[in-house]
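Q: Residue numbers (this note's numbering), protein chains in the order written: chain A, 1 to 166; chain B, 1 to 280; chain C, 1 to 391.
Calculated directly from the structure, the hints in this document are not laboratory data.
No false leads were slipped in.
To give a feel for the contact side, a few chain B residues facing chain A, derived at Cβ under 7 angstroms: (1) Pro213; (2) Pro220; (3) Leu227; (4) Ala229.
We treat Cβ as the ideally placed atom computed from N, Cα and C, and that holds for glycine.
What follows is the residue order along each chain.
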Amino acid sequence: MGLVESGKLPKSLTTLLNLSRRYSMWCYQWGLACCAIEMGAAFAGPRYDVMRLGVIPLPASPRQADLVVISGTVTDKMAVSIKRLYEQMPDPKYVISMGSCTNCGGPYWDSYSVTKGVDQIVPVDVYVPGCPPRPEALLEGIVLLQQKIRHEDPATRWRGDPIVVQ
Amino acid sequence: MSDPSAGDTDVAEETGTDAAAEAPEGTEAAEEVPRDEVREKQLAVFTEAFGDRVLDSHIVAGVDLWVRVDRADWVAAVELAKVKLGCTFFDFLSGIDWAPSPWGRYEDALEDAPRANGSSPSIPVNTGIPPVDPATVEQGFAGGATRFQVFARLINVKDGTSVVLKVDVPDDDLSVPTLTRLFAGANWHERECWEMFGFTFDGHPGLRHLYLPGGFEGHPLRKDFPLVARMVKPWPGIVDVEPMPATDDPEAAPDEETAAGDAVEAATEDQASTGEEGTQ
Amino acid sequence: MSAVTDRQARAYIDAQAADMRVNVELETDEGMTLNLGPQHPATHGTLRVIAKLDGEQVVWADIVPGYMHRGYEKLCEVRTYPQVTTLINRIDWLGSFANEVPFILAAERLMDIEAPPRAKYIRTILFEMARIANIVLFLGDLGVQLGAVTPAFYAFRDREHVLDQIESVTGGRFHPNFDRIGGLKDDLPKGWIADTKAVMERMRTYCDEIEDLLFGNEIFEARTRGVGVIPADVALSYGLTGANVRASGVDWDLRRDTIVGLAHDEVDWRVWTHPDGDSFARCWVRLQETREATKIVDQLCDKIPSGPIMAKVPRIIKVPAGEAYVETENPLGAMGYYVVSKGDLGPFRVKIRSASFSNVSVLPWLLKGVYVPDIITILASLYFILGDIDR
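Working from the sequences, and respecting the hints, build out all of it.
A: Spelled out as structure tokens, the structure:
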């Protein structure tokens, strides 16, 4: 839409776009380690049902997702794949870093093979602390992300970062 | 229920043996060492076949048998265990580096261990890998003559007995014959052992990286491989309060004249006197 | 935004991409190379399977683990014994309590301490509950990997009940860090035993539901019967353990066949085996073992003795010098810790024998000649947790 790219977006339209985006987030099904189980409980369990917040955990491919919850330890070997998969997601995209391993290395802060924090590789929007964080904590992280999207300017977000193919 | 480790014994040099109210399983008498006839017979199978070449052995009654052999007899010893002792199950194979760690420090230790070359560990400089003093290398069960050893455990699933076989690996020739012809499962264990220690397994179909990415330098499980994150910054949990950002030295000792330091001192004294659990 | 510049990030990727190319060694141009993972919904985590295909059949398969390698053995060397307990919970992250048990038993053997009977019983109950929590998820996931999505929801719903019970004792849904050298951290809360028995009844209902949903289904049978047969001698030489080896007909269960320090010999239970050795057998054995575990928990709950839950241990734990290896029948297989101690605050060397490492090492042999959809079936039935493979 020319309106969004040029930045001349009326406020009501901004509100509508943000509303539709934050209440219909498609979350990429990707868990690395223990936090993935809590993420699974949040997504697939009827007790902590995440669909009521509007987050649909269906896509198994990054090409169809707008949100990725990176849950679990990021090792140096895996970091390449994470970066590649993040780049495969179309803009606008969001990243929630779940668990202390992805936040900062966590209990493996001194390991020789762990990346101390996924924000060294991809930009993170919300950090959810815990080891593992309870599903409710992840839901709170999602709610925080939704609040963040609410106050977002679509023009900046829509452009995203340029993708350079090498 | 009683508080688990009530501090009626103040800081403990005593080990668990006299603290255990329950008798250990097995015999009551402390003088009589219980004999394990089954394992002694198994050891006899080894001594019959190898004679003097069984370099050492150790039996913990009712538990396990350790046998150390020479590198030249490694495959033959494993085959003997498989055929004569019925140990057809391959449990694991790994290595061990008996040198004490030059960087050693536990997360609760209030001081760093001094480095072998005398420099202070609080300054992260590239001091190189300190050489290992052979006098400090002390092996465990079934002895040893070298810093590195490879050990493998095999189990007989029919009667539950097992044997741990150890072999010395000389420093100048870090290689051991492969066990893949006897046990197919040794393949991955030997790859991991190569990756972590640097031992070559002669005859292995393909020694390549298993866990670590391709360009990784070094062999992590050797004692002289430093955990760099610990050299740069000590474990933050050791003090209750982080030092102020203005401090240049990130490892400033907590008992400098600061309010923070006083709080920490008070807290640690408090813990010691009320006998709170030292473990978290 | 990230502090790493784009150029640095790209340089990093280029340097590492060479590694990914090196891993795939192709000599011929015939056939196609299929790369499953490291991100794949069906590989239970970050496992990479490189399969060279001839049409739909696998000619050669290689497994690349290590995407979750966190360096446990090295980390254990710089931690004290209680801190190692905290860390090792996260190896098999579904049945977390079960990871602590062999390590604690090895340390207790070195210290020559025995936990009091009440602690032993509660440890065994939590151990079996960890098994139930783990296998319940396996059964749900099994459906998902074969294309039946419904069992997963049943699994997560019913697993919550077990986790509730574990949480009310230990304080954590998983990674309880509850076992201590000499006993346990706390005692059971009031009313826990009655609640647990109700939950076990619920788990038995769940097992019946899953059997109804999955095991009687003809598609499930067609996809799993005769797929991925592992003969007993191959299983033993690769070091397969747990339900995998029992499904190949080997009657071996560490709970019955070794003396460790758990209370399994005080209750009446049986070991399930199956002669076939195919995927169906492995899944079936696990289903029966879950039912058996609920019965074990029921019996133990009836018989818990009263008493202290912690032996007399010094506050600062220094384990005497020696070597000890304890292996227990964990949910995934046989897990053991070879603890070498030199009389310090922390271990000198810990060799972690994890079940999934050996279980997955059979895959390059097993996947030859198999069809592509069967790769997923075999991965599902072998059941591994990446943390257990990669440590």
